[in-house]
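Could you put the whole structure together from the sequences, leaning on the hints where they help?
Here is how the chains run, residue by residue.
Protein chains: 2
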Amino acid sequence: MADWKEIPGGVTAPRGYQAAGIAAGLKPSGSPDLAVIFSEVEAIAAGVFTTSQVRAACIDYCRQRLQGKHSARAILCNAGQANAGTGEQGWLDAKLSAQVLGETLGISPNLILLASTGVIGQRIRMNALTAGIPKLVAELSPTGSDAAAQAIITTDLVTKSIALETKIHDKIVRVGGIAKGSGMIHPDMATMLAFVTTDAAVSPQLWQQMLSRAADRSFNAITVDGDTSTNDCLIALANGQSRTPAITQMGAEAEKLEAMLTAVCQHLAKAIARDGEGATCLIEVRVSGAPDELSARKIAKTIVGSSLVKSATFGRDPNWGRIAAAAGRAGVPFEQENLRIELGDFLLMENGNPLDFDRKAASLYLEKAAADSVVSENLLATEISNDLVVDRIKIKTQNLDNPVTIAVSVGNGSGSSVAWGCDLSYDYVKINAEYTT
Amino acid sequence: MADWKEIPGGVTAPRGYQAAGIAAGLKPSGSPDLAVIFSEVEAIAAGVFTTSQVRAACIDYCRQRLQGKHSARAILCNAGQANAGTGEQGWLDAKLSAQVLGETLGISPNLILLASTGVIGQRIRMNALTAGIPKLVAELSPTGSDAAAQAIITTDLVTKSIALETKIHDKIVRVGGIAKGSGMIHPDMATMLAFVTTDAAVSPQLWQQMLSRAADRSFNAITVDGDTSTNDCLIALANGQSRTPAITQMGAEAEKLEAMLTAVCQHLAKAIARDGEGATCLIEVRVSGAPDELSARKIAKTIVGSSLVKSATFGRDPNWGRIAAAAGRAGVPFEQENLRIELGDFLLMENGNPLDFDRKAASLYLEKAAADSVVSENLLATEISNDLVVDRIKIKTQNLDNPVTIAVSVGNGSGSSVAWGCDLSYDYVKINAEYTT
Chain A
1 MADWKEIPGG
11 VTAPRGYQAA
21 GIAAGLKPSG
31 SPDLAVIFSE
41 VEAIAAGVFT
51 TSQVRAACID
61 YCRQRLQGKH
71 SARAILCNAG
81 QANAGTGEQG
91 WLDAKLSAQV
101 LGETLGISPN
111 LILLASTGVI
121 GQRIRMNALT
131 AGIPKLVAEL
141 SPTGSDAAAQ
151 AIITTDLVTK
161 SIALETKIHD
171 KIVRVGGIAK
181 GSGMIHPDMA
191 TMLAFVTTDA
201 AVSPQLWQQM
211 LSRAADRSFN
221 AITVDGDTST
231 NDCLIALANG
241 QSRTPAITQM
251 GAEAEKLEAM
261 LTAVCQHLAK
271 AIARDGEGAT
281 CLIEVRVSGA
291 PDELSARKIA
301 KTIVGSSLVK
311 SATFGRDPNW
321 GRIAAAAGRA
331 GVPFEQENLR
341 IELGDFLLME
351 NGNPLDFDRK
361 AASLYLEKAA
371 ADSVVSENLL
381 ATEISNDLVV
391 DRIKIKTQNL
401 DNPVTIAVSV
411 GNGSGSSVAW
421 GCDLSYDYVK
431 INAEYTT
Chain B
1 MADWKEIPGG
11 VTAPRGYQAA
21 GIAAGLKPSG
31 SPDLAVIFSE
41 VEAIAAGVFT
51 TSQVRAACID
61 YCRQRLQGKH
71 SARAILCNAG
81 QANAGTGEQG
91 WLDAKLSAQV
101 LGETLGISPN
111 LILLASTGVI
121 GQRIRMNALT
131 AGIPKLVAEL
141 SPTGSDAAAQ
151 AIITTDLVTK
161 SIALETKIHD
171 KIVRVGGIAK
181 GSGMIHPDMA
191 TMLAFVTTDA
201 AVSPQLWQQM
211 LSRAADRSFN
221 AITVDGDTST
231 NDCLIALANG
241 QSRTPAITQM
251 GAEAEKLEAM
261 LTAVCQHLAK
271 AIARDGEGAT
281 CLIEVRVSGA
291 PDELSARKIA
301 KTIVGSSLVK
311 SATFGRDPNW
321 GRIAAAAGRA
331 GVPFEQENLR
341 IELGDFLLME
351 NGNPLDFDRK
361 AASLYLEKAA
371 ADSVVSENLL
381 ATEISNDLVV
391 DRIKIKTQNL
401 DNPVTIAVSV
411 GNGSGSSVAW
421 GCDLSYDYVK
431 INAEYTT
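Line order of the protein sequences matches chains A and B. Residue numbers for the first sequence follow the working numbering, so the first one is 1 and each next one is one higher. Residue numbers for the second sequence follow the working numbering, so the first one is 1 and each next one is one higher.
Calculated directly from the structure, the hints in this document are not laboratory data. Since the structure is predicted, the reported quantities are computational estimates derived from the model, not experimental observations. Just to be clear, a hint being listed does not mean it is correct.
Said to hold, decoys possible - Within a straight-line C-alpha distance of at most 16 Å, the following computed EDC-like cross-link-like pairs (lysine to aspartate or glutamate) qualify:
id, chain 1, residue 1, chain 2, residue 2
1, A, 69, A, 42
2, A, 360, B, 434
3, B, 256, B, 6
4, A, 95, A, 60
5, B, 256, B, 3
6, B, 360, A, 434
Take a look at the structure:
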């Protein structure tokens, strides 16, 4: 189907990019917490940012930078402190971060974009950051993507990375990406960041349009807990180092690039959903027959975000009633007489009527999909807290190819869409209720 | 402030009403599951129903009945089976239920309204229902409100009931109500029902307007898990037996009646929120400074519905960052520089800047509010399931007067509103993930 192949290398797979990640002392744990992605030449830059009224300083900073100038050379990202809810001081800290990195790289601070993730209301530890930047720049490498991916995560169990390669005008074009988090999933954490690079040559307006559409079909189609973060951002750089003729309008080449960009974003989005706090499986909801794509996505996202559907999936309960109820409250008009619901290969409801099905087999399907979504795991520790015994499992490798699949049709419309999420387990509550005065 | 007093008697406190509740064999547990509320004379009837596209047969039935005729004599309510997602057969079952009750009471079936709650996708056990109706009617009593309140609950820990009394035109006027559930909170359960009676004399149009506004300020302002039910309904009867002159337009008397109606609805709504599955406390969010009441309610409901705010409250964590983030994503524009957040008496944020506060004392405030919300409790059992140890506590009596209070101001607008909810505990997941094939 897709005329591209997966390659290693993440954001440094496309030509002309370097990256690095180090432990600069921002996280109390001492884990890596400072990353940079660097383009050897000025790259076209596009961004999609949180729609929250409460935003981190870096979000406002990037928006302002990208308004006037559609290009960039570097993205600096820190973990540990979100720099959200920090008022005027947060803005000054953001500005200083860009200045210091600009001086160290020998480029204008106007060519630098910023991202932060961590505790809301905390200033970035600026002493550690400014001391860390020279060390970070010294580590820049054409194979530095994994180090960068490692340095941007917080409570994630795995790093998220992908790179794809295709041919445009007979020249190799690559798109790579890294991401972290999963909605706003951790105590005070804020939380979804994704960075995409390509060596394609593309005009700024077209690149921004492609990125907005790709975001709608990937990151905007996932939910873990319904809590939109103050720091969400997706930044994509295009540096033209594939040496292809510039793509300036829609057509075969543009469609190819956009499809590949969308695939990269969808991989990262699904990886985030599967890594949702406490999750044991990835859930994919496909909605068809809706008036339009937007309505279909609204229904899909409502189903995959329903606490009751999520709890039932954790309980391996093929509970079509909750799926129907969630579809019904999505705010999209449809006739319930047209409702059709499938779970995996099991047809649960047709023409609005419940069907007999093998409940035990359907439950086993849920169990198997969850088991299949973990390629390898190792038990880290058995913790006891608040009368709760939870085995905290570190997932080493994700398998995103066999999600729990829910297919819903609501009528004869041409609109269809997909959304991804995860189940709701005791661990979600545990992780988010942990607090010590 | 309020010029009314609380009295006992629930829906049978107003004059001219009788009620009954029996165990008809609809619930497998053998608990009471069939209730009727009966008005001795034809009463003005108003209703507010679920907005879900997937609706129980009784919802469509009531809507259709109330469209042509704004009066009723009786409300029949069964628990055990929701009669939602049951297709054409569900509609026939609903019709037959009304017919049988009409014949037994000797009134037209057109004067009967219906409500169901229980498992979605299950037909009502019609043999048990039709056999139970004569027994139910024989039990009708002017003190039958508690029996009815008992027969409509499913997984509720307490019954919800209230009655208020005031004077209008120097005559005594009463409003009473009973309710069950809390959003769509239980496996396959569907779920919020409320019935209100008054002996006030009021015109049908005005009564419906008052009820719609009261619903917006009570039931529409609570959330437990964000899952709107297929069976939600609020039905209010007004039978004029107070012998006051009919209230036909807004004015001092109408305002008095609407205020009392709103107070009854708010009491029942708060009781439902406090009884949310797994909840350990009631949360009240007051939002002010918004452009209008609707915007304020939107922000309040987003905050009180946030999984992260709810988890933090369960963890007794005075986590203002999550409150700010939830306010920000509510879809209402405001300047974050104007944000002010209070938790109880603790000022946490002002002018968008975090303030120093005594975190330990604020955490103790949360702990105390939770403890205060239970007047008496007794431990039923310690269950072990899915590696989880949970003490299931049966709350005997609720105290709704000292909720966890979150006050948020977003600007200088005149819009303010209140929303209620509860915390998110391990028990919520446990209750909703329980499943045996």
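Quick rundown of the hints versus the structure:
Distance hint between residue 69 of chain A and residue 42 of chain A is fulfilled; the C-alpha atoms sit about 11 Å from each other, no more than 16 Å. For the proposed pair residue 360 of chain A and residue 434 of chain B, the alpha carbon gap of about 14 Å is at most 16 Å, so the pair holds. Distance restraint check for residue 256 of chain B and residue 6 of chain B: the Cα-Cα separation of roughly 15 Å lies within the 16 Å cut-off, and the hinted pair is therefore satisfied. Annotation: proposed proximity of residue 95 of chain A to residue 60 of chain A holds, straight-line Cα distance about 11 Å (limit 16 Å).
Taking the CA atoms of residue 256 of chain B and residue 3 of chain B, the gap is about 8 Å. The hint holds against a cut of 16 Å. Note on residue 360 of chain B and residue 434 of chain A: the hinted pairing holds, with a Cα-Cα distance of about 14 Å set against a maximum of 16 Å.
When held up to the earlier numbered hints, the structure conflicts with none and fits them all.
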